[in-house]
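K.L.:
Spelled out from the first residue to the last, the chains are:
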Amino acid sequence: MTGTNRGGEVSIRDLSKSFSLGGRQLAVLRTLNLEIRSGECLVIVGASGSGKTTLLRILAGLETADSGGVAIDGQPVHGVGAERAVIFQEPRLLPWLSVLGNVAFGLEVRGVPKQEAEERARFYIALVGLSEFADAFPSQLSGGMAQRVGIARALTVQPEILLLDEPLGALDAMTKIGMQEELARIWSEENVTMVMVTHDLEEAIYLADRVLILPKEKGGAARLIDIDLPRPRERSESRFVRYREELLREFGLH
Amino acid sequence: MTLQHIDRPITIRASRSETGLGRDFLHLGGRAALRFLSRYGVLVGFLVLWQVASSVGWVNAAVLPPIDMIVAALWKGLAGGSLLGDIAISLQRAGIAFAAAVAVAIPLGLFMGQVRSVETALDPILQVFRQTSALALYPVFILLLGLGETSKVFVIFWATLFPLLLNTTSGVKEVDPKLLEMARVYGASRLTVFRRVVLPGAVPSIFVGLRLSATTALLLLIASEMIGANKGIGFQVMNAQYNFQIPLMFAAIVILAGLGLIANQALVALQRRLCRWSKPVN
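These protein sequences, in sequence, are chains A and B.
For reference, each letter of the first sequence is one residue, going 95 to 348 in the working numbering.
For reference, each letter of the second sequence is one residue, going 131 to 412 in the working numbering.
Hints may contain errors.
Restricting the straight-line Cα-Cα distance to at most 20 Å, the calculated cross-link-like pairs of lysine to aspartate or glutamate (DMTMM-like) are [claimed, not checked]:
| hint | chain 1 | residue 1 | chain 2 | residue 2 |
| --- | --- | --- | --- | --- |
| 1 | B | 308 | A | 229 |
| 2 | B | 308 | A | 340 |
| 3 | A | 310 | A | 322 |
| 4 | A | 310 | A | 266 |
| 5 | B | 308 | A | 157 |
| 6 | A | 270 | A | 328 |
| 7 | A | 208 | A | 184 |
Over 10 Å on every C-beta distance to chain A, these chain B residues come out as not near it, computed from the model [to be verified]:
| hint | residue |
| --- | --- |
| 8 | 178 |
| 9 | 189 |
| 10 | 309 |
| 11 | 313 |
| 12 | 318 |
| 13 | 326 |
| 14 | 330 |
| 15 | 331 |
| 16 | 356 |
For the chain A half of the interface with chain B, some residues (derived, Cβ under 7 Å), not all of them [claimed, not checked]:
| hint | residue |
| --- | --- |
| 17 | 122 |
| 18 | 207 |
| 19 | 227 |
| 20 | 231 |
| 21 | 333 |
If you're looking for bench data, these hints aren't it; they were derived computationally from the structure.
Note that the Cβ used here is the ideal one computed from N, Cα and C, for glycine as well.
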């Protein structure tokens, strides 16, 4: 899946970030170094408070690092950029726009003419299987459907890098598995670099080329685990289960 | 064999629905009547009680005339045209004041909601103004603007301004920051965020303000017309009372209630059209 010439290479250099919490400085990221390959799927896991969402928000340009920085295809990142799109935990749809309007929103905001934007939006609405609901309003959609609209909106701007912040965290178990399969399919079809935060280890193994485990304690080091499994992946396969055990061990749970 | 199997249930069902048709209609009619009663039953009961109490003599009919006399006075005033001039001038006063309040409060409210420093600076004085009764200020306005139309329109404007201003401001401030961040991620400029996210998000709250202001406008209209006016519905209420034309007084009151209902319904209908996505709260 790697080796495209599309770009979407992310280079993270000596990245540090801390928050002040009740007068105390709380370091969440400590001199992190990481290369994310073009077209790869990197999944970030870690206990809560390990800074995984913070890292994603820095990549998105929504937060700035205290020191160190991020470069995309060699260009240092300052703020948000057209080559990146973010899928949040909540769908964040505009309730007054139809599904079509919401999916076209990202393009329209960038100045693409309405008709062209809607045409491209329809393609991605079909890709996430919601063609019949193009005229529906967000209040009429289920949680899973709404999240798929959010995914379609991000894909419509055709980003090089897709940043996902626990995108399936709020869905029920059944919907979640279906959506994981859908994300895997979209990722392989769209040829996009995907960086995803999750707290679901099985989800991480199902989707990732590499899993980044962020440490919780001071002085702990981030760890990368290659997931060397053929796709589409089989959750009950013995090697899948072994990866799960390995990740659980990382969290001291096995 | 299969044919027979299919045939039988169909005939049974057809015959059943035929006999049940009349009953269904009856059932449907009964349901509609029930719904009407559950909604308007108390109102109808109140009117019937009034009519009976007044005509039988439980209450003084000179003070609370029966409904039919009020309706007759209303009909005479409207069809005869004697009340139409009053309605026109009242609508003009309330209309100009309301329009002016909309023109000032909505842009100012949007601005205040967007720029924190402006809101911080203006909030204390607005709170003082808002808590000062417009009726208490009416004598001041009369001193400043004279007893004519200007002071009347101004006092209505003053009172309608605040509900609309505060609701517009809070509507802008309460737009979901997660939606603002989403728009920012897609590279929306400040103006685009305002136009595509903030403004539509504030519309329901603006409508709450509009409906409050419309009610306030009618309230202040009557109060202002009771002082130094020789025309208008509020004047008619007072004047009819002085001249002991009690049915006419009630007719004027009924017109007022009607105007209030119409204004509210018009705003609800407009809101339904503008934002199908959010149901107006009644």
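K.L.:
Indicate, hint by hint, whether the structure satisfies it.
P.N.:
Consistency of the hints with the structure:
1. B/308 <-> A/229: Violated: residue 308 of chain B and residue 229 of chain A sit about 23 Å apart, past 20 Å.
2. B/308 <-> A/340: Violated, at roughly 36 Å.
3. A/310 <-> A/322: At roughly 25 Å apart (the allowed maximum being 20 Å), residue 322 of chain A and residue 310 of chain A break the hint.
4. A/310 <-> A/266: violated (27 Å)
5. B/308 <-> A/157: holds (14 Å)
6. A/270 <-> A/328: It holds: about 15 Å lies between the C-alpha atoms, which stays within 20 Å.
7. A/208 <-> A/184: violated (25 Å)
8. 178: Holds, since 42 Å exceeds 10 Å.
9. 189: holds (50 Å)
10. 309: The assertion about residue 309 of chain B is violated, with a minimum of 6 Å to chain A.
11. 313: violated (7 Å)
12. 318: violated (4 Å)
13. 326: Violated, because the least Cβ-Cβ distance between residue 326 of chain B and chain A comes to about 7 Å, which does not exceed 10 Å.
14. 330: The assertion about residue 330 of chain B is violated, with a minimum of 5 Å to chain A.
15. 331: violated (8 Å)
16. 356: holds (43 Å)
17. 122: violated (19 Å)
18. 207: Since chain B brings no Cβ nearer than about 15 Å to residue 207 of chain A, farther than 7 Å, the hint is violated.
19. 227: violated (15 Å)
20. 231: Holds. Min distance 5 Å.
21. 333: Because about 37 Å separates residue 333 of chain A from the closest Cβ in chain B, which is outside the 7 Å limit, the hint is violated.
Violation of the numbered hints given earlier is confined to hints 1, 2, 3, 4, 7, 10, 11, 12, 13, 14, 15, 17, 18, 19, 21; the remaining hints are satisfied by the structure.
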